[in-house]
Amino acid sequence: MPIHDPLHPLPRITLILGGARSGKSRHAEQLVQTSGLEPYYIATAQALDKEMSDRIDEHRTRRGDRWRTIEEPLALTRTLHSVTAEGRALLIDCLTLWLTNLMVHDRPIEAEIDSFVESLEALSGAAVFVSNEVGQGVMPTNAMARAFIDHAGRLHQRLAEKADQVLLMTAGLAQQLKP
Amino acid sequence: MPIHDPLHPLPRITLILGGARSGKSRHAEQLVQTSGLEPYYIATAQALDKEMSDRIDEHRTRRGDRWRTIEEPLALTRTLHSVTAEGRALLIDCLTLWLTNLMVHDRPIEAEIDSFVESLEALSGAAVFVSNEVGQGVMPTNAMARAFIDHAGRLHQRLAEKADQVLLMTAGLAQQLKP
Amino acid sequence: MPIHDPLHPLPRITLILGGARSGKSRHAEQLVQTSGLEPYYIATAQALDKEMSDRIDEHRTRRGDRWRTIEEPLALTRTLHSVTAEGRALLIDCLTLWLTNLMVHDRPIEAEIDSFVESLEALSGAAVFVSNEVGQGVMPTNAMARAFIDHAGRLHQRLAEKADQVLLMTAGLAQQLKP
Chain A
1 MPIHDPLHPL PRITLILGGA RSGKSRHAEQ LVQTSGLEPY YIATAQALDK
51 EMSDRIDEHR TRRGDRWRTI EEPLALTRTL HSVTAEGRAL LIDCLTLWLT
101 NLMVHDRPIE AEIDSFVESL EALSGAAVFV SNEVGQGVMP TNAMARAFID
151 HAGRLHQRLA EKADQVLLMT AGLAQQLKP
Chain B
1001 MPIHDPLHPL PRITLILGGA RSGKSRHAEQ LVQTSGLEPY YIATAQALDK
1051 EMSDRIDEHR TRRGDRWRTI EEPLALTRTL HSVTAEGRAL LIDCLTLWLT
1101 NLMVHDRPIE AEIDSFVESL EALSGAAVFV SNEVGQGVMP TNAMARAFID
1151 HAGRLHQRLA EKADQVLLMT AGLAQQLKP
Chain C
2001 MPIHDPLHPL PRITLILGGA RSGKSRHAEQ LVQTSGLEPY YIATAQALDK
2051 EMSDRIDEHR TRRGDRWRTI EEPLALTRTL HSVTAEGRAL LIDCLTLWLT
2101 NLMVHDRPIE AEIDSFVESL EALSGAAVFV SNEVGQGVMP TNAMARAFID
2151 HAGRLHQRLA EKADQVLLMT AGLAQQLKP
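Protein chains in written order, with the working numbering: chain A, 1 to 179; chain B, 1001 to 1179; chain C, 2001 to 2179.
If we strip away everything but chain A, and leave its shape as in the complex, we get (with noise of 0.2 Å):
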């Protein structure tokens, strides 16, 4: 389901998968600036250290001036539904890191994933999810690793399911895996 501006060709949900630093986020950026449309970020990465702080300042050194910033780690379907509007693109990155978010804040996992995907057919402009491929190393030891690869992929086909596009994003590189 198209947005309806016909200049406007990024469709109503993509999601954009692949494995770290596979460019995901830079492809996701483009197609929110090349739409024309009014560019949000929501971010759901917090600054808990060096590493992350750095990696949150680079990207929005890349992104510039004409996007609106918003962080949230835990409520990311309230902030979907109160930022979308006709005309709007919004970039979410990422869902894996909004998992371990509300992972590590013993926040009910099926549920919050039950009201993201049930959510969604209220979308009113353009979102673009970015997502971390996850599931394709050595399975871990570590259960909690193991309970997060489960939502991941779980959330993923869900996702995938409602989305208009799904692109998996090698070395830079999209392939369309949908539609």
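I should point out that these hints are in silico values taken from the structure, not numbers from a laboratory. The reader is advised that the hints may include incorrect statements.
Result set (DMTMM-like, lysine to aspartate or glutamate): computed pairs, CA atoms no more than 25 Å apart in a straight line [as the list claims (entries may be wrong)]:
{"no.": "1", "chain 1": "C", "residue 1": "Lys2050", "chain 2": "B", "residue 2": "Asp1150"}
{"no.": "2", "chain 1": "B", "residue 1": "Lys1162", "chain 2": "B", "residue 2": "Glu1110"}
{"no.": "3", "chain 1": "A", "residue 1": "Lys178", "chain 2": "B", "residue 2": "Asp1164"}
{"no.": "4", "chain 1": "A", "residue 1": "Lys50", "chain 2": "C", "residue 2": "Asp2150"}
Got chain A sorted already, so can you dock chains B and C onto it with the hints?
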């Protein structure tokens, strides 16, 4: 080499690869169910703990009553050949667990893989093999995990060479790697 | 930009990515061998233990006598430029090991990657670079492993941008990511 009945479009040997929670089993079940062939589920999993036992129950509930289920953690090659028959589709879920079981029981992995691959020619019905892509994370420091990745990668290459079709699942979406 | 001789279909720069044991080296060897160009193998591996030494021997045996082999764990950029020549195809196996060697020897990785990428323009023959996809597992807790994933991802993106073709191997099967 497709099986003989023109109403059944499932080729003789299918390999479905994908990361953890990528939708491999579900896709394999759909391929088998829509083939019209008599469905057999060959499970290599053993319910050694609650996590695994829950997962087995979840898969069993999803498949429903039409399926015959055979649990075989080790003697996979022999089981395949006692069950295969024209008009039947075998779903083998999954090969990486079979490899794990062989390693845990200290079996000669390379010899087991050799017999498995050589015996594929003799399958008289269709077979859909599910296996986990495990080699795209950072190489683990643990020697047993590295050996596991090696065995899995070699098995996948050899099976993919024999297979009529190979699919790679990501977020529930299939990419056709072969043909 | 294909190399000049129309009989040799190998483009100037090829990047072959894939997980561990995905058939990258074998595919790279076939590309070089069928190109008709004079084959050079530039190995970044060092036989520091038996596992690695066995793997090096296995690759060497498979390639056979026509190949010239050069072992260079660190000074890859300089080696490329002393060996490249019209009519030659260089197989570099692999970049992730080169990065590992640079990290182990505490070299300035970003500067090394910069010189490497900048110097690609000057290659006068064909080159096929093999590298491991390492970022699709769960993010390791070990800071050095995370840094390694970052370096590898950045290198792959930059090389993919310069490359004439990029292939992704899974179970011995190639997906063409570029062009």
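Hints versus structure:
| no. | hint | in the structure |
| --- | --- | --- |
| 1 | C:Lys2050 / B:Asp1150 | holds, 15 Å |
| 2 | B:Lys1162 / B:Glu1110 | holds, 17 Å |
| 3 | A:Lys178 / B:Asp1164 | holds, 23 Å |
| 4 | A:Lys50 / C:Asp2150 | holds, 15 Å |
Hint compliance for this structure: no hint is broken.
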